[in-house]
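Asks: Now for the letters of each chain:
Protein chains: 4
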Amino acid sequence: MTHNIAIIGASGYTGAELIRLISGHSSMKIKALGGNSKAGQSMGQVFPHLRHLDLPDLVALEDIDFADIDLCFCALPHKTSQEVIAKLPADLKIVDLSADFRLRDPAEYERWYGNRHAALEQQKEAVYGLTEFYRDDIKAARLVAGTGCNAATGQFALRPLIAAGIIDLDEIILDLKCAVSGAGRSLKENLLHAELSEGYHAYSVGGTHRHLGEFDQEFSAIAGRPVKVQFTPHLIPANRGILATVYVKGDARAIHETFEKAYSDETFIEVLPMGEAPSTRHVRGSNFCHLGVVQDRIEGRAIVIAALDNLTKGSSGQALQNANLMLDIPETEGLMMAPLFP
Amino acid sequence: MTHNIAIIGASGYTGAELIRLISGHSSMKIKALGGNSKAGQSMGQVFPHLRHLDLPDLVALEDIDFADIDLCFCALPHKTSQEVIAKLPADLKIVDLSADFRLRDPAEYERWYGNRHAALEQQKEAVYGLTEFYRDDIKAARLVAGTGCNAATGQFALRPLIAAGIIDLDEIILDLKCAVSGAGRSLKENLLHAELSEGYHAYSVGGTHRHLGEFDQEFSAIAGRPVKVQFTPHLIPANRGILATVYVKGDARAIHETFEKAYSDETFIEVLPMGEAPSTRHVRGSNFCHLGVVQDRIEGRAIVIAALDNLTKGSSGQALQNANLMLDIPETEGLMMAPLFP
Amino acid sequence: MTHNIAIIGASGYTGAELIRLISGHSSMKIKALGGNSKAGQSMGQVFPHLRHLDLPDLVALEDIDFADIDLCFCALPHKTSQEVIAKLPADLKIVDLSADFRLRDPAEYERWYGNRHAALEQQKEAVYGLTEFYRDDIKAARLVAGTGCNAATGQFALRPLIAAGIIDLDEIILDLKCAVSGAGRSLKENLLHAELSEGYHAYSVGGTHRHLGEFDQEFSAIAGRPVKVQFTPHLIPANRGILATVYVKGDARAIHETFEKAYSDETFIEVLPMGEAPSTRHVRGSNFCHLGVVQDRIEGRAIVIAALDNLTKGSSGQALQNANLMLDIPETEGLMMAPLFP
Amino acid sequence: MTHNIAIIGASGYTGAELIRLISGHSSMKIKALGGNSKAGQSMGQVFPHLRHLDLPDLVALEDIDFADIDLCFCALPHKTSQEVIAKLPADLKIVDLSADFRLRDPAEYERWYGNRHAALEQQKEAVYGLTEFYRDDIKAARLVAGTGCNAATGQFALRPLIAAGIIDLDEIILDLKCAVSGAGRSLKENLLHAELSEGYHAYSVGGTHRHLGEFDQEFSAIAGRPVKVQFTPHLIPANRGILATVYVKGDARAIHETFEKAYSDETFIEVLPMGEAPSTRHVRGSNFCHLGVVQDRIEGRAIVIAALDNLTKGSSGQALQNANLMLDIPETEGLMMAPLFP
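Protein chains in written order, with the working numbering: chain A, 1 to 342; chain B, 1 to 342; chain C, 1 to 342; chain D, 1 to 342.
Any given hint might turn out to be false.
For lysine-lysine, the following DSS-like pairs were computed, each having C-alpha atoms within a straight-line distance of at most 27 Å [stated by the list, open to error]: (1) Lys124/C to Lys79/C; (2) Lys79/A to Lys124/C; (3) Lys249/A to Lys228/D; (4) Lys188/A to Lys188/C; (5) Lys249/A to Lys249/D; (6) Lys249/B to Lys228/C; (7) Lys188/A to Lys79/C; (8) Lys188/A to Lys38/C; (9) Lys228/D to Lys188/D; (10) Lys261/B to Lys228/B; (11) Lys261/A to Lys228/A; (12) Lys38/D to Lys188/B; (13) Lys79/B to Lys228/B; (14) Lys79/C to Lys188/C; (15) Lys249/B to Lys249/C; (16) Lys188/D to Lys188/B.
What the hints contain is simulated information worked out from the structure, not anything from laboratory work.
Just chain A, same shape as in the assembly (with noise of 0.2 Å):
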């Protein structure tokens, strides 16, 4: 059986990626993609990487019969893609790769994006899309928010730690290396290459940075009490990858053996042995995710370090995981490639 898809969003990175995914996808076929601002082209031209893959041309959104689609991935930036949503057929599901479905409280959305929610009831239905962490609800979700790169990075590091309740809620600093397609295609001084290339730097720093409002919101869920973390992103001179150093207080041996027992049935969480830590050249082009602990030498004290590729587990291979679920086709299905390395 072959499951029609729709990319909204077409002719950015995190678009861009999904198309690789699903060009190695046994049963989903891509029926429209959607760019407003480059309406008309080709995908050969907006990604000439793209050029062997049979693909419809890019139309705008009012030309696509979602009529003909099984399931629409959303790939715009925020904002937008609540105003989009908010029109879409109510009975499409909806796989979005904004942020504009993150988080559960709209006086919580507002505080961190500043404008108030354009899509209320949608807002009321949609499944944070941590896969691992919100398997059911995904299956039977109707739309599912993809998560903040950042933010899944984190929480692969520290939800089964707070759940296990062996590590100090008050005490925790994350401290990520975020590679430069993060930021996505927009156009700006300190992307350039001459300026990136042999240049990196904290961003966002002191606790501003929007992903802060997933963690809140998740960690204090699961700890069932107020949780704040320290989180300070830095942008390195990489294209792909997260590097989340993580500082806490507890037991880095129950640490490990939290994560050996929370993940052994992951197919994309790879707890790596006691001891050794992660590197982002391990998990470039690949949904998969690495975890290393280290003991500190201060006693009580552990480093968890996650490793994953920001546009691929962090971004688009989530994505096409949750549709995966959502179209009851196996979960790993178009997601098993192998790193590339070097």
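Since the structure of chain A is provided, determine the placement of chains B, C and D on it from the hints.
Replies: Okay, now just chains B, C and D, sitting in the frame of chain A:
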């Protein structure tokens, strides 16, 4: 039906790339991995990006039972390869990725590589592995010699033109820009990130690069008279990719038409529209080769540009394509993954 | 004695590079920095790497009092530059870094740049700024036109050979590899780190790059007859550097001797020993140009390779060298810093 | 007055950087360059970027006549350095760039470096080379021990805060992002461009990095009681730079004020405006250190970020600054070059 595969020399980049590709192949199973220097280690130790795969540990060559093996990839350094292959079972199907069986004339081999060939018998039966031009021979071959990655790129840009007699055979210049993984995993100062990442340079300047032996052999055979090209490779601060800028004297439109005809049935050779230039960023991690033709402002001169991934189409992807033919598997099996961008 | 300097267009890369160089100059003082789009900002805001310097804030052009200024560097985009310079005091010494005054024939200017020249009078008096070949004219000039960075590199590799009549004038091919800062601070998708860092490509293929106007003008003048070269630039994932691989027909040894003689008194042109090839990593951040000559395996053909830093010797360093001459300061003042390696 | 300088271990990166800096120094002259493995070679052969300089050839250590030398820089690997320095003339002024004389307690040295110290007498007289905090001792010293590059960065971010007693001494976390030149010119697989350029990772995780010995020694001395910090370095795909993200408990505004006061007279330490974060791209190739302070969203927590160039301020620039003091030359001589950007 499943074919049992062995890879000798599995701890280098081309070995890792073979495993990456075969992990997505529907009818090959890796039964043995040979690597003398790292025998006893698991592939997850040598290449952590492959740790999720169920692979045999690396073993010494003599510990491989070839009775069990349908086809063996040999990814050893040159000179070593011929010595090893001379001792392998005489009926074992082999795809060799080294330089050892590319040159048919032992004297030419000795001239370019400096040593007397140690497997003359095997050299006689070896078929040159440029799939698109030796397809029928490869299907029937026992031993296929993978081409040089630079040699493959240059030949995609020139063979149809020489065959068609539409360019001046005495005025061909190939200026190649090669990414660093082409130099393999060898430890040299100018391959260090600190020295290469912000520096680039020509090497083997003046016609001393060994892949010239392949150009001489192949181009002369096609033309029916000696053809000598000028060839200057450059080391570029990127990981994967070869960009060949080829300067020829001939009519650009005729060249473009010749390409379109020559490659119309080829899955992996994409001829770009007249006047467009390819980029390595659009073939990374894939088995595709992009070809462009541009008319120079000087009447009667054209620039042909070819781009491919040195580790895939230039090496391990080509090897798998040939193995598919030798095992009567559809030629493109395991090779249709889209390029990784960005 | 201290010379008062103004820089117009100080918020681009060549402006920043001028300030870097002048900050180490013993007898220049920056009195005014013009940059309309960022007027009112401090240089520390625009370029935090210059925050330790005691510099005037950026001001609008009309707010600069040129009575006070001994020499003005103009680092504006082309077209804008000619309009601005037409209105500056007629006796103000100016070094222009744009393309506007490089071509002596207004028809040639219009052919390459597409607009009628708006400062014909100034164009007439402008001296072409390739210091090593126009030294006496520059000393006496009021307005000096900085050369194109590619044009400078190619000319260092070819002028002495054309002058000596030792190469075939109809068979010159320049294959240039240019780092990305040469494209300036403009916001384009293919200058983003995500798209460039692992991809490289040819651009302006086929003889359409504007620096060809300079080659045509200069080489024809030296030869006393029209000379047309082939010239293909490539964008390379590095920040600074131009590597010109020049294919010529001529005797390599004679070429090397010609270089040694031509450049024996030049501080900034380093002729490498016969057979050695230069690398961009050995000139970064400096005003040096390294030149190598290699004999090809084909009799009668040679490869000349030139390497320089596009922002220093290719642009702002050249500009300062010319300004030193115009102000009767020792030519090398402020320019002797060693390259930054690694 | 000109001071005669020798550099031992001149063929590594810190040696090359010393030569680069001294080439712009008004009163130092390099009289001898020692490098046993490359003795007999010219510096132009070993480091082509220095070929324009008039430098002595590399010689074996025993061929240097130290009678002639006013100050010797020692850029040897640790362990080797102490053995060599033990045999140098007892009245020779020495700036050592190795780790051998940083730790005052021989037991601590042995604990971190694994061998018994072979120059205990010299170790006793050695002064710790963090210029801004040991200025007077350095002026009077015969032997100065250059600090670790990570150790310098962390101390600039923490010493004034510990001295002022305004942060919690038991809750300090240093997350460092280090460019690859800090690993030196050693040949290791994970320093290859192919492996590093698109991958980054933590190393020496868990408090095993040797620079912790310096932190322990210095911070405990300032505090007057044992202070142990958490310190995790990461290898980043860039050539030069250290970015230290330091998590502390204390009042951000008090921290910023303390920095402003502590560094108000320091030429090379730039305290950014409150809330701004520095970037390595703004200090490259220079002797400056940029310091930023940001208040976290969690009350009572602050993030301090320090950026410097590991080869300059973190190593050879610091060494020259110390040598200036030891020779009674103005401290900033030869060190005021602006950073290279982009």
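Asks: When the structure is checked against the list of hints, which entries are broken? Sort them ascending.
Replies: Hints 2 and 9 contradicted; others consistent.
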